[in-house]
Structure formats: structure tokens, C-alpha cells
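Novice: Just so you know, the protein sequences line up as chains A and B, in that order. With the numbering used here applied, the first sequence corresponds to residues 94 to 435, in that order. With the numbering used here applied, the second sequence corresponds to residues 2 to 600, in that order.
Heads up, a few of these hints could be off.
What the hints assert, rightly or not - Output of the computed footprint for chain B on chain A, the stretches with three or more beta carbons under 8 Å from beta carbons of chain B:
# : stretch
1 : 104-111
2 : 143-149
Stated by the list, open to error - Cross-link-like lysine-lysine pairs, in silico, DSSO-like; alpha carbons within 27 Å at most:
# : chain 1 : residue 1 : chain 2 : residue 2
3 : A       : K376      : B       : K506
4 : B       : K300      : B       : K147
5 : A       : K376      : B       : K147
Read the hints as simulated data drawn from the structure, not as lab findings. The structure displayed is predicted, hence computed values, not measured ones. We put the CB at the ideal spot given by N, CA and C, even for glycine.
What follows is the residue order along each chain.
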Amino acid sequence: MAAPAGEIAVLWINAGLSCDGDTIAMTAATQPSIEDLVRGAIPWAPKIKLYNPLLATAVGDDFLAAFYRGAAGELGPFILVVEGSIPDESNQPAGCWAAFGTDPATGQPIPTCEWIDRLAPRAWAVVAAGTCAAYGGIHAMAGNPTGCMGLPDYLGWEWRSHAGVPLVCIPGCPVQPDNLTETLLYLCHQFAGRAAPIPLDEVLRPRWLFAQTVHEGCDRGGYYEQGEFGAVHGSPVCIVKLGCWGPVVQCNVGKRGWIGGVGGCPNVGGICIGCTMPGFPDKFQPFMEEPPGSLLSAAALMTYGKAIKALRQFTKGSLNKVPSWRSRSSSGAAWGGGESDE
Amino acid sequence: MTAVPPVRQPPRIVEMHWDPITRIVGSLGLFTKIDFANREVVECHSTSSIFRGFSVFMKGKDPRDAHLITSRICGICGDNHATCAMYAQNMAFAVKPPPLADWIVNLGEAAEYMFDHNLFQDNMVGVDYCEQMVRSTNPGVWEQAKRTPAPHAELHGYRTIADIMTALNPFTGAFYLATLEVSRYSREMFCLMEGRHAHPSTLYPGGVGTVATVQLFTDYLARLARYAEFMKRCVPLHDDLFDFFYAALPGYEQVGHRRTLLGCWGSFNDPEVCDYTYANMSTWGRSMYVTPGIVVDGKLITQDLVEINLGMRVLLGHSFYDDWQGGETFVTHDPLGNAVDQRHPWNQTTIPRPQQRDFAGKYSWVMAPRWFDGKDHLALDSGGGPLARFWTTALAGRVDLGYVEATGGGVKIRLPRTATLPETELEWKIPRWCNTIERNRARTYFQAYAAACAYAFVERALAEVHAGRTRTWNEFKVPEQAVACGFHEAVRGMLSHHLVIRDGKIANYHPYAPTPWNASVRDLYGTPGPYEDAVQNTPIFEESPPDEFKGIDIMRTVRSFDPCLPCGVHMTLGNGRVVEAHHSPFYGVQTSGRLPAAQ
């Protein structure tokens, strides 16, 4: 753990049941950007040697060489990033649901699960990127054929790396780009002995990113407080009644936006469907209906909110008037006398 | 470096595979047999090794959720799925969004094309043409590139072709790094309209949740102007690079060449015409700002979405599924009374059957979609998206937005004045070949096309706002029964979603994205899929001997289709990823001549 921090490899497997959305998110990040991490632009952190299929120059077995070396313990320290839900390969008699590369001995695909089994024991840390890898996500929806799950359910919630680092989950569907690269940066700093052990909540999310609810960071929260609820999409006020779960979903999108601070969910008119939560998606469906909990809380707010709004309207009206002495007819009035400026 | 030798030699065949194919989205493997004596690929199988099961787990779900679920099919163009699903939902729920919503969706999708093609072209495809790669696979070509001045140096700033190649080196090249940045602000444009990338938050059946203010369009327009300026340099840069390959490697037009069998399902609805009904689909399809159609051997054989719809067939071929022929028929006739085939997506039932991979038997999670012209099951491809879109739009000759104009033989693109460059007209012309280079060239031009269209859409959207028509969503009711479809262009090609509603729930749902078409397996007639077909036709120009062989000409060919395997396989419920080419008999080959992974 105290090893001199020149470089750390990142072995990135996108071959869970995934859409590659978290890899694509990685290319969108600016705080830090992927090239910042690869080129060592950030002080105190080791450079990342990135083995991610989307940006790799090498192809096929040349690309996989680092993964084989990692499995054999010959790569040096590395972080294993897993993207996509982990299928249950025991639920079918032959073949597999997800694979990564071809086994030279058999000519058959190498199941993704086998790579996780080989690499996790050797990894300095293991990161589940995105909600699929973290908790199962969309592919684990009721009625799915693959029996898939998240990495903590596959490896065990108490799993720790040989370096004592717990599994790190960075949920989001896809992951918010900067949340992903910032967490990688944190782990690099921790690897270099420059940061305390990463603070995680009970479902293994970095605390500083996921402690707040969407609602607590939502720039439409003021409308909620005033009991102003939109009945149609496209309205600029609170959209809880259209199906937004923001008040009970832990996510920083309202504060951080999506890319470069632009975009997001309820802050820009999109209902929060709970995509950072272990209960996603089933516990939020059907998405386009008012969450049951908000029926009560929103109703309770109506009286209070309307009163508050009325009072604010009154004050706002006053504040919107230029003070009476700022005009030609009354110039100098603030001095308390009738002196002229000239 | 030499093309096919004039006299056929006794074949010297080496099996090679590459799995996974990197610098694409998803996992793909290619398994080939290469004749090194005659320098050509004699056989190719493409395989995908991931299955996810969307069509299976969507059954019984609320149809309003369809766009939010299907977006998750793809992590780079998920919004194309969400949009296509929304089109199908609009048809099923009989709702027409306010015109402003259509303009906002068009602007979002235009930004997706601008971003996605940009990232793919210069951060993934570009690496196949960068200094690091060319020096290693074709040292002779690299030497020639150093001596070859770039014809448009004044515009893009790179003196020689070699300078362009150096600028494309991953993580160090100036152009590589610049395009990463462009991919970010163009994604910001996307997020302005659709909320989040890649899974949008503000799209809904009936319209959008986006708040249509003047600021929204100002923020978009300011970034669009930067992008247009960038494209005025980017298009000539790629023309210089691609033209150089034709000149430096005579015969390179044969690389990735395939019969012209292109499909495009249309993009950018015109809200004046489009009412999202099936009854009027032929009419509003023709009014799209990218014209739908099918081109066979250079002829536009249809531009009618109803015809396109009815001709779709899903063949299983050599994929890991059981047949559903005895299964339920969901739709016997379309809403116009036309008969619907049991092999049509409306009637598909997906029955996954994981098993050992066997190239003589079943070998992939990608099925074999085909288009039936009444006689043959055509293995259409998308040309990576832009090639088919331009080809159909050009031949149809309908589109005229001022900023873009279809001329019959090509498409004119007019980018307005930008910070340092004057108004610029570019023209994409129907090429002589349907090959690797032309798929790539069309991609760059289509980035400019999307930007030019976006100027027109911003004008129209702002006109709505200025007129006070800022509503972006209309209410609807979910019917008990419905049959619907959506047609769109995903970034990399034709996209359709087919939906059947019963008892107010999803009874059947089948998305077909471009990669199932492009990466499809051999069908029951033995017809190979387009990747397989294009690679099999490819001569080998790489100078490396077999034990250092990188398969660069094959890689360029596969990547020219812009493979996106998550899309490949979801439609069927599978998730496809595979393109491998291995060196089976010569395992030593795999460990030699290796390039370092990205940085």
C-alpha cells in the first residue's frame, strides 16, 4: 500500500451484461478527464496504465495479454473495473451468457465470471462501475433469463482485496462521468498513501458522492417547498407528481449536472427513476407514475407551501421596486434634504 | 504493400482470430482464414458472446416504460433507442407531440450524431490510420506519407499526410486530443435537449420534459458554432487522409468492398407532416430530413417505410436461439390490412439457448435479420450509418433545408459563417465503391450534415418560442390493445422498434438496431452477414509477415461499419459482442508484434 506510486494499471472488463455506457461516460468526464489520469496530470497520484477495450490500440489476444498477466500475478498492482451485470452461469447447461476473449486451449469463449474469479484475488481494488455491475441494474429486472446480479452479490458484500480495500460501487445508469473518474482518482491517491481509506456507505457507494438525495441538490426544490407541482412535462416547476423519485434517491446529479455541469435529471425536466439505487429498476416501475410516498408528502405541503409562496410574492413585489429616491424627480432624497446634485 | 498478385499461388491458409475486437462498443470476435500466398481473406465468421434478454424481460411491463428501458440497450447511442421507442409509443398511444418537441428531439439526435461519429471516427477508427499503427503495419506507406503534402494543409494545419497520422496517435496526438474535447461539448449539446447521455432523462411519449427557453437554444447554438468551425477543418483533413490511402495503395478500394445493399430507416421528422400514425407512415417517412430507403446495386428500390416494415424478416441462421415458428402469432395483419410474416419482428419470440460455439453450427448471439424483396432475403448493411443515409437521401432527392440539399447525385452541406471561417459548402457525392474508405469518409461528412441540419432546427425551434408556443408535451392514454412500430437512424444505421400491447401491457417488443444487420451470422441460406462478407472480400495490404500480422486491413473493414455489439444483441435479447480473428495454428503470433494498449 505504501509502494512508491509511479503507475497503477486499470484492467477494465466491459463484458458483463452491459451497454458500455460507463466506458462511454469515462470519455465524457472532465473532473478529471481520462487523459488527465493516463498522462499523470494530477499531482500525488500514480499514472494510470489503462486497459479498456474502447480506447485500446491493441486487439484480441494482444489486448488480453495484460489480463492474463494480471491473473498470473505478473502485472504489478492493478485496479479491476467491472462494467455490466454478472450473469448466473449455473442456470444453463452449456455455453455462457457473457464472455470476454477466446480460450486458446479450447477455442471457446472465456466466461466473464471466470475472469472475475481469476482477477479479483490479485487486484489491489475492485470497482463496480455503473448500476449493473453494482447491483444488477436493468438486466436483473424481474423476468430476466440470465439470473444476473451485481458484483457485491457475486463476490460477497464483505469482500475485501488483498490490500484490504472493500469493493467500491459507483452506481448510476450510466454512471455520472465525473463521479467515475473522481473515484478512480481517489483510489489512486489512496494507493499512493495520500488519502484515507475510501469512505463508503452501507451499499458500498463513496459517501461524499451519494450521501445527499437528488432532491437535496435539486434546483427545483424551491418549487416543492412552495407546493408548486407540474402537471405536464416541460413545466419548469417540481415534477414529483409526474413520477420523480428525487426526494428519496441518493445521487448528486442535481448538484453536478451531467457533462461539464450541463444536463441532469429533474433539474432539467427529467423525472428521477432511481438509477443509482440497489432497487433499480423494479422498485421504481412503472416510471411515469407519481411515487406513492409523494402522495402524502406533497399533499402535506400544499397548505404550508401556498402560504409561504404568498408571503414571498409580497416580499418579492417590494424587492422588485427600485427605491423611491432613485428617480429624476426625487434625486438627492436619500440625503434627507432637497439638495440638488449640482 | 502489394495488392493481389497477378498469378494465383497455391494457397497458404492461416486461421487467425481477434477476440475481443477493441475500439468498438461492445464485444465482438472475428475468426478468419487468411491466404497469405494470395494475400486475401478467404473466410470470416463474426461472433458475439453476450446475451442480455431485453425482449424477454420487457414482456408484461408498462408500455410507457419502453423508452426508459430500451435506452439501456446501448451505452453510446441509447438515446437513439429511446427516441425510436418514443416514436413507437406515440403511434401506439395515438399522440402527436407539439412541434417544438419534435424540433428538440431532432436537435438532440443531431447532437448525438455529431458527438458519436466524432468520438468513433477520431478516437477509435483514427488509431487504425495513426502513425503508431501505420509505421508498424506498413512502413513503406509511412515513408510515403512523410513525403506527401496534405492538399488542405492551409485549412487543417497539418503540412503532410504523416503529420495528420501523428496527430491521430492515441493520447498524444493533437487531433486525437482535440476530438476528445469536441466529443464533450457536443455531448453537452445533447444533454441540453435530452437531459443526460447516454440514457436520456427528458424524452417521453407525447413529447419532452425539456424546458424550452431562449437560453436553452442559445447554449446549444453557441456550441454548434464551435462545432461547425471544427468541421470545416475536420472534413478536409479526412479527405486528405483517405484519398492518400487510395493513392498510396493501388487497389485499396477493394478493402471492405461489398455489393451495394444499403438500408436506411430515416431520421429527423418534420412536425408539419409527421403525425406518427401507421396509416400515414409512407407519407411522413418520405418527409424526413434523412430519407428512408433501400439501395440495391446503386438503385433506390423503395423509400416507403410501410414497405420497409413489411419486408423485415428475422432469420436465426447460426445463432444461439431456438426457432419460434410454432410460437404465437401476435400480428397477422398490419393496421393497413397487409399480411405480416411469422418471421417479422412483430411475431418474434426469443428463445435463447446458450451452447458451445461451433462455427459449423451455431456460433453467435447475433441473429440474421434480412429484408425480403419478394424473391431474396437481402443481407442489408448500414454502411456504418452515414453511407446508407447519404445514399438514400441523395437518390431520393427530396431533402432541401437550405443548409442541406439532396441533389440526386449527392448531398450539399452548407455551414454558415463561424468565428474564423466563412460560409462553407461541402458536397458528399455518391462514391464508386461501397467499401471501407467510403464508409469512413461518409461518417465525417455526416457530422457536418448533422450540424447543418441543427442550424435549421434551431431556427425553427426558436420561431416557436418567439411565437409563445412553448408547450413541449401532450397527454395520452395507454390503450388496452395496440400494434406499433418506430423507425429511426441510430448513429451507426437503421433502427426499428416493434411493439405489441395487450391488456395495457407489453405483449411483445423487438428492437432491431444496425449491428444485428451488420454483424449478422450466416443465415439458413448460407448467406454471410455483412461483416463476414466484407472481410471475406478483403485483400491484404499489410506488410507484416504472418507471425507479426495485425490484420489491420480487416480491422479497418470491421470498424468501418461502426460495430456496436450491445445493440447487436439486444434486440434479440442478446447482447452481441464479438469479432474475433485468431491465429489458431500459430499461437506465437498472438504474443509478437504487440502494440502497447492505450498508453
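Novice: All the hints need checking, so say for each whether the structure fits it.
Specialist: Results for each hint:
Counting residues of the stretch 104-111 of chain A whose beta-carbon sits less than 8 Å from any beta-carbon of chain B gives 4, enough to reach three: the coverage restraint holds. Given as covered by chain B, the stretch 143-149 of chain A passes the check, having 7 residues with a CB less than 8 Å from a CB of that chain where 3 are the minimum. Among the hinted pairs, A:K376 with B:K506 is consistent with the structure: their alpha-carbon atoms are about 17 Å apart, no more than 27 Å. Straight-line distance between C-alpha atoms of B:K300 and B:K147 comes to about 40 Å, which puts the hinted pair past the 27 Å bound.
Distance check on the hinted pair: A:K376 and B:K147 sit about 60 Å apart at the alpha-carbon level, beyond 27 Å; violated.
In terms of the numbered hints stated before, the structure departs from hints 4 and 5, listed from lowest to highest.
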